[in-house]
Structure formats: C-alpha cells, structure tokens
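Start from chain Y and add chain Z according to the hints.
Line by line, the protein sequences give chains Y and Z.
Numbers 1 to 399, taken from the working numbering, label the letters of the first sequence in order.
Numbers 1001 to 1303, taken from the working numbering, label the letters of the second sequence in order.
Mixed in with the good hints, there may be bad ones.
Stated by the list, open to error - Covered, in the sense of this in silico footprint (three residues per stretch, anywhere, with C-beta under 8 Å from a C-beta of chain Z), are these stretches of chain Y:
#, stretch
1, 91–104
2, 243–252
3, 258–267
Unchecked claim - Chain Z is nowhere near these chain Y residues, computed Cβ spacing over 12 Å in every case:
#, residue
4, Ala-132
5, Leu-133
6, Pro-179
7, Lys-218
8, Gln-240
Worth flagging that the hints you see were computed from the coordinates, not collected in a lab.
All residues carry an ideal CB built from backbone N, CA and C; glycine is no exception.
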Amino acid sequence: MTRSKATSIRWTQVLAVAAAAIVSIAACGGSTSGGSTANQPPTANMKPLASIGAGEGRLNLIAWEGYTDASWTDPFTQQTGCKVNAKYAGSSDEMVTLMANGGGGQYDMVSASGDADLRLIYAGDVRPMNTALIPDWSNFQPQFKSPSFNTINGVHYGISLQWGPNTLLYDTTKFPTAPTSWSVIYDSKYSGLVTVPDNPIQIADAALYLMKHQSSLKITDPYELTQPQFDAAIALLKQQRPLIKKYWGLASQEISLFQNGDVVVGAAWPYQTSTLKAANAHVNDTIPSEGATGWADTWMLATKAPHPNCAYLWTKYISTPKVQAQQAINYGETPVNSKACTEMDAIQAGSCAQYHADAPASYFNTIKFWKTPIATCDDGSQRCLPYSKWQLGWTSVTA
Amino acid sequence: MAANAVLRPRAPTGWARAQALVWRRPWLRASLLLTPPLAWFLVVYLASLALLLVTAFWRINSFTTAIERVWNLDNFQTLATDATYRTIIARTVGMAALVTITDALLAFPFAYYMARLASRRAQTLLFAAVLLPLWASYIARVYSWILILAHNGVLNWSLLAVHLPAANIGYTNVAMWLVFSYVWLPFMIIPTYAALERIPESLLEAAADLGARRLRSVSDVVVPLALPGLVAGSIFTFSLTLGDYITPILVGGAGSSFIGNVAYSNVGIANNVPFAAALATVPVAIMAVYLLGAKRLGAFEAL
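This is chain Y alone, in the form it adopts within the complex (with noise of 0.2 Å):
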C-alpha cells in the first residue's frame, strides 16, 4: 500500500496506475474509511532501532511554535552534531498533511498532539520507537509511558513530550478578578470582544461546556459526540460567531488582537499569556471552573525518516529533566519527565508548582485531552461523528 501510494504521487504515473491503485485502495482503504481503529496500524510490525549509530548531521522537524527555541536545540547540535532544521506548524491538521506519505522523506519528526496521533499512526506515516533507547523513558510520571493515543497494542509510536490545558485569557482592565466560567465567551455582553481558534477541536470547547450546563444531552466525552449532541455544541457556536472578532490562526494574530485592545477575552494557550506578559500587557489567564481541553504532546518518528539516528538522539535530548524544566518555563506547559520538577525551579523559582509539574494524577483527569473524533464512540457503536463532519461543521460556523 505505501509503495503504491508513493509511486502514484507523480500525476505522470497516475493514468498507468489508476487501476492498479483503485484496487490496492478498495482492498486496504475499507478497513480505515469508516475511521474503525480496531485493526493493527500499518507499521506495527516494523523493527524499531535496537541501537542509537552516529548521528547524520541533520534532523528535521515538524513542530509547534517555540518548541524549537535556540537555548536548547544549539547546545544539541553541539552534542550530536546533527543541525535541526524545524518547519512550524499552525494546527494538527497541518502536521497530518506534511505528514503524508510517511513525511515524504523529508520530515524525521513531529512533535503531534493527542489529536493528531492517531490519524498518523493508520495512515502508517509514523513508525514504531524503542523506549529502551530513552532512558528517561522510565522517569515520566505514570500516564505518559504508554498512554493510549500514542501506544497501541504494547507497541509505542512516539516518546511523550509535555502537555497542558487551553486556557481563558482574559484583559485584567475589563476583568479585575479572574473569570470563573467560560459562559463569558458564550456572553453577548461582550459582543465583538471575543477571539477563539480557528480550528475544528474547538467543537470540543463548547462540547466541554455544554456537558456542564445542558446535562439533559447527557455528553460524557466532549470528543464523542452523536449528532443531537453534535448539533448542540453547533448551535452554541454559531450562536457565538456574532460575539467573534476574530477566529485566530497563529498565536501572533492573539497576541496582536490583545496588544491592540481589540478583544478582551478569548481561548489561548498558555505561551500567548507568557509573551503578553513579557511584553508588559495587562492579561492573565484561567482555568475555569468546567475545567479545560487540553493537548499531549508527543515526538513521533516518521515512516521513511531520512535521519533516524539524530531523530532517536533528538527524543534522548528533549526527554532529560533539564530540557524538559526549559521548555516546559519557556512555553508554559507541564513536562513528562518527573525529574524535570527540582530542574525548573532552579531555573525559575516555583516554576514547578505554577506549571504543576508536581500536580497529582487528579489534576491531569480535570484536562480533557484532545483526541481525533472518531465515528466508533467508547460504548462500541458507530454513532459518534468523525473529525471530518467536525471540519465541516467548523466551517458552517466560521464561513
């Protein structure tokens, strides 16, 4: 299948091939179209690497914005000698496309959220990893060694990186105590005051909110959805579009439209609320009391890696307590690495409580992970909606 997929690309070949391709596709594409996860991905029978060799002198990287940052990647060129070439992108749904066709032999790596994960591991562009390469590996905290949206089977397809919750940035000067709930995105009073992403998962926001405030739809997983409850979360949203001002893209359109006074509330993530206070504007953020969704991050490995040494030697780097604790402050979110605690509050005093790199287990279950909705729901039906009905429901909202 991957063969087939691969020759096929070139739309020259794509005439003596289409036969041969609609057959390969009718015969292997059922077991996916209808988003059934039940089967074995496509690479789980890859040999992962048994050993780490010297490093190619490259490595490049599929990564959020500022996961790349020169105060850590420099030092590991220093160390391997591989020179890290890192693509930005905006959205999960980005990272899938560069992602196609097992990162095209191009891309060693992406740094994938919960979301992404599994789309990439059935469309086979992610290979199996050896944790016993990582010796970090055994210091994460429990539920990032094999959790289920980057393990499958036993078999792991990434090394857990760092997570966090999205949350409500607020304008101190219109909000001077912290907003409890997230009806104030949903409240028309502040009509043209309001920014969320421009991203499907977003759904999900408004699924979490409805699950406290409309019990009567009875939603147990803002990530599985049937249609009433679909539709629900829908007409919150369109009923919100008029409050928007903006549906942000990038981090820096946020950062700009707080800058500028031209929103006073929205969904962000905590990096928008670092820059921002960096550069002296008045906001802050919130968790409030629904609760958030949230990402995990996870390096992945691609399929046809060119540079899978320094790929290998990469996650070695990124999972030690002291890249975990710089990253982790850097960005402001939460590291895997238990060691990573002590790390961060000897860079910046209390870092490790206010990211709660110390929290307990309880307070990761308040965190809705984002995950790829999938048409099976957790009871085994097939009522549930995939992230394609999601994207277009996204788009009757936003257009």
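Frame of chain Y; chain Z shown alone:
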C-alpha cells in the same frame, strides 16, 4: 589532383544545411521559435488546470485524509447543496463586484486628470505615485492596514483626537473592502489612463463645436471611449479579489471566509485537496463568463 580538390565545391556542413533549411521554410523557423513557449504554456498552465479539474472528482479518506482515486461528484454536490459554500461564493463575488465598482469610481477622475489635464511634469509624478505602492510588499501593505484599523490604531486615534466616536471596523468585511480597493487601485488606473489618453482631442473639439458643454462631452464622448479601458481594469480588480486569500486571513473577521482562503485551508490544513480543487473551479468558471462579457465590451483592444 590537388587543384581538383580546391575547385570542387565544399560539402555543406550539417549546421549550414540546417540554416539553409530554416531559411527556405519560414514555417519551420516559426515553429522552432514557438515550440518552447507553447510547450511551457501547455505543460505548466493547461496541464495544471486539467489536473486540477481531474482532482476535483476524487475524494479523501475521511480518517487518514489520504487521497482516494475514486471517481465521484460528491465535492460538486457539496458545493451546490451546502448553504455554507453558497454563502462563501456569493460573498466573494459580491466583494469582487463592490471592489471593482469602487475602484472604477476612484480611478476614472484620477486617470482623466492624469491623461488630459495634468502638465507633463505632474503626469510623471502621478504615474510614480500610482506605481510606487506596487514596489512595496503586498503583505507589508496589508499589515499596515491592520495597524491603521485596529481598535487602538491610527484611525481611531485620529477620530478620538477630533472628538468623534471610534470606528469599530477592524477585522470586518468593511475592512476587507477598504484594503482590497486600496491594493488593486493601480490595476484600474493604468488601463483607464491608457484608454483616456488615446481619445483624440479633435473629437472633443467637434463635440464643443456642436454645442456640447464640458459635462455633456464627458458623458457622451469620453466615457463611452474610455469604457473598454475601465472594463480591462475591472478584469484585474475582479479576478484578483476573486482569488485572493491573504487579505481575508489577515484583515477579515468572523464571517469573512472567501473562496480563496477556504480553498487554502482545505489544501494546507485539512488536506482535502479534491474539495479544494472543486472549489477552485468556481472562480475559473466565473472568470470565463466575465471575460466573455468583457470581450464584447472591447476590453481586449484596450489592454
């Protein structure tokens, strides 16, 4: 023997023979000259359009977003039946029309002054003023409008300074209309200027001799003769607005989706290339109709 060899005409070399052949057959020379640009046009332009059209009939796997080469009309059906896309198409065409009309109204008096009233020196200065913005990056010019129209931007600052209420037009369709009208204005002025400059002075003198006043001669003589120029300019302003995706992303607010940026997000973000291809055929079809209309109005003679 030796003399014989000298006297015998030299056998023509391959190169000389080829030169002679090309000289004797002009059609061969023409086709040799035209083949490279024609091949370029066919391969790069027409083939990519054909590929676009073919892709529009494929679909993607809804879970892995891999392209499945299965012929179907689903993409076009969604375009035709989903109210969301009708709204987006109508908004895009409406904006393109509005920007075209705005630019025509702004460009005509400007081009008229430049072509018929200004001194030689003023004409040169005005020409430079029209073309100067085109030297700056498009992105930089769009960004400067964000700074002008933002809540704490230059516009509101000026309004408040003269005790007027703040205009809340940043990140709206009004902002997009302003930015589009600004960035495409030179493309309307230049063909209109060219058309106005070609009107012979004698026609205006004849109109005056027949008793037409200035306004009458403008409406009955100048405007009809400048119309092909305006229509030629409108091809630029209309098609550029129709296909743009950067301005809607940067300047637009909620409810500012355009054909261009919806196609862009389908390619770059959702990885639904077949649907993006189907969407991209819409402006192609609209422009085909527009160009046929423009041809009737003589726009191509004014280009």
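Verification of the supplied hints:
no., hint, result
1, 91–104, "holds (count 6)"
2, 243–252, "holds (count 5)"
3, 258–267, "holds (count 3)"
4, Ala-132, "holds, 29 Å"
5, Leu-133, "holds, 28 Å"
6, Pro-179, "holds, 20 Å"
7, Lys-218, "holds, 25 Å"
8, Gln-240, "violated, 9 Å"
Going down the numbered hints, you'll see the structure goes against just number 8.
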